[in-house]
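Line by line, the protein sequences give chains A and B. Reminder that position 213 of the first sequence reads as 270 in our numbering, one-by-one numbering, no gaps. Reminder that position 434 of the second sequence reads as 491 in our numbering, one-by-one numbering, no gaps.
Rather than coming from a laboratory, the hints here were simulated on the basis of the structure. Misleading hints may appear alongside valid ones.
All copies of an identical chain are treated as equivalent in the list; a pair is satisfied when it fits inside any one copy or across any two copies.
[Unchecked claim] In silico DMTMM-like links for lysine to aspartate or glutamate, alpha-carbon gap of 25 angstroms or less:
| no. | residue 1 | residue 2 |
| --- | --- | --- |
| 1 | K272 | E407 |
| 2 | K68 | D204 |
| 3 | K414 | D372 |
| 4 | K128 | D222 |
Protein chains: 2
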Amino acid sequence: MGFNIPQTDKKRVVIVGAGFAGLSLAKRLAKRSDLQVVLIDKNNYHQFQPLFYQVAMAGLDPASISFPLRKLFQRAKNVHIRVTEVKRVDPVAKEVETDLGSLRYDMLVVAIGADTNFFGNETMARNAIPMKSVGEALFLRNELLSDLEKAVTTADYAVRQGMLDMVIVGGGPTGVELAGALAEMKKYVLPKDYPELDLKELDIHLVTSPDVLLKGMSAASSKAAQDFLEDLGVNVHTGMRVTGFDGTLVEMKDGSTIQSSKVIWAAGITGNTIEGLPEDALVRGNRIAVDRMNRVNGFDDLLAIGDIAYMEEGDAFPEGHPQVAQVALQQGRHLAENISELLRLDGAGEPFPFTYKDKGSMATIGRNKAVVDLPSRSFNGFFAWLVWLVVHLFALIGVKNKIIVFLNWCWSYLTYDQHLRLIIRPYRKPDDESARNTKE
Amino acid sequence: MGFNIPQTDKKRVVIVGAGFAGLSLAKRLAKRSDLQVVLIDKNNYHQFQPLFYQVAMAGLDPASISFPLRKLFQRAKNVHIRVTEVKRVDPVAKEVETDLGSLRYDMLVVAIGADTNFFGNETMARNAIPMKSVGEALFLRNELLSDLEKAVTTADYAVRQGMLDMVIVGGGPTGVELAGALAEMKKYVLPKDYPELDLKELDIHLVTSPDVLLKGMSAASSKAAQDFLEDLGVNVHTGMRVTGFDGTLVEMKDGSTIQSSKVIWAAGITGNTIEGLPEDALVRGNRIAVDRMNRVNGFDDLLAIGDIAYMEEGDAFPEGHPQVAQVALQQGRHLAENISELLRLDGAGEPFPFTYKDKGSMATIGRNKAVVDLPSRSFNGFFAWLVWLVVHLFALIGVKNKIIVFLNWCWSYLTYDQHLRLIIRPYRKPDDESARNTKE
């Protein structure tokens, strides 16, 4: 095993992570034939995080929101994809270490993003379901559908409650969108699929510690989102925290409890880590402090972009940018524009600082229901929902993914149906195959 | 836990297995409001076996060829779906036993189909990849793509050979279709995705013990299929058997060996079993002998249909029917037509015997290449390929599946691409979540 990357005279830029930030950079560097680019990710695909909740709610296939990296860079001879995990960085020797061996770099761009944070709550970490990968979203889908099947054959009311009720922790877009999608599934789909169940027994709880949902959005949007959810029958608990969960009983800060086997944890994230990154650069939320050129303090050839990067931008963002896709995309693009300057290529001048252009934010709750904050104004309802659909459709990578997702959305809208209610657990090679091994 | 099926005056028909046979019967009994139908399957969906190979070859999503059972029976109040495995049958007490408890029946229809058979070869059972479920097809897809990634970074020729070469055992439709699809992927897709690999190193072997491929089809079709595959560069070994496979080296009957880490086993099937079924009814291939009314010998209320059933049909099929979808579909329909007679409902006469109408058989090899045997004539090439497409599209369950599969096929045909090259391994709750649990 080895990296098997050709040695050339070109500067080698190694990008770790093919999320929004890493991919935004790699796509632009693919046009720079004077550079050698190595893109490292543990998956062979890019995943579109904003739609994980639709995978979990059986509305979309994992494949519809995932895009093979090799397909994306088929025409880019200067980009080398390597599917592996970076275990260690040596910023002095300028090397990354992986299972494939070591690789020297001229510039290392860390775009490793963030993962679920359980904030030290051990029982929660053990029992709650995270939502930060398509694999985790599929896990939630399987749990949800399996529990409904179990509920059909469970006579004991309290036990059945645990299978039906669902507690979603986190009032950001993921929590809000999950709660809305689940409420619509309860309203339109489950009564037809499960006539044997009394769906009034299925309660959906959304718990968030701030006083409002979608904190960071406008007060009007926060209120509209809460109204939409409550109209759909979701129990919204603002200013509340979940303090414990043993797998069957959820404990709240005020001492109340909810019987539920499913807690979805979308309440916080923490930066991913790689051993060897300068520890003095680590700041709150496990982010890596960078300057306005995305350089990690003290290094010219070590950069961080996206959710993992913490950049104070003067008076505009004195406490860093929000960890959202827009910042990641813009930092990737900005770094691509600065790359010659940062690599001090012949004829290059000085790099220019990053400035975040906030284009607004949005969240969808359900059919014809979304909230949108533009820099100039806020609105919600049917038009906001259309805007949400169009923006997400265009942001998806790949023409075929766009077509398939669009068709799925039209289908769901017209039929009031989420079609993919399949509990598909992939085959694993069993230790004993004797059952399938009859001599005859 | 319990079955939770209402007690009524209606006769209760319990169907075990929602494959072609069980579903064909259940769909028709759904219209019989005078019967109570319980459909038991270990999955909550029906899977369309003829297209497993396209899932394995990254052409289709598992969800496109799977259909949720509850969706299918939404309007049928007399059909109860239960997702569980039948562990034991008691034909005297007329009960089935499952994890949900016991259920009494008035008629039990066993439609449990067949699974891969390794014919007593222990190392093969341990190391080869079966192809009898969407889960197994996904497993093969992941193995294939992972091995290609590994080959990119493997300098040692012999080791790389093992990752690239692929041995398919079984010359029936599954083996032929897999070999063809893989050869086309090698020709059209992999050179673009893996410019760093020398794809001449990737050899595809198809091994079968009869003297011809597609034994049972016409001589013309067998020959055409072999010509098509050899034109695509597949090494077809007829009259040959694989005798051993330790995970890296494949041994053949004639003493020759092939270096390969992937052996796909599509060489034989054996009937699934349930404890308690009358042992004297078990015949060759683990099938259950039935009379022309699909009754298991000696029982009026225990029936078997589909691949699991062994019925001798006079001079036409003195050694039983072939284990194919057509027989399963027709036996399901025939039993539905006979149900009143077999249950001796008021006014019913005598049941009539099953007669198989062979509508022909077909296999596809690749773009514009298929072979079709009708009762009257055989043909192959572009028109045969069109016939194959139309027949399979119409046989798929669900309008949306038809649309999605049709679009996927158009897309693949026009772009020479198989789009779903994603190694998605679903999340499993790890024992230790401490990595994602930072107190801050």
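Q: Could you tell me which of the hints above the structure violates, numbers in ascending order?
A: 1 and 2
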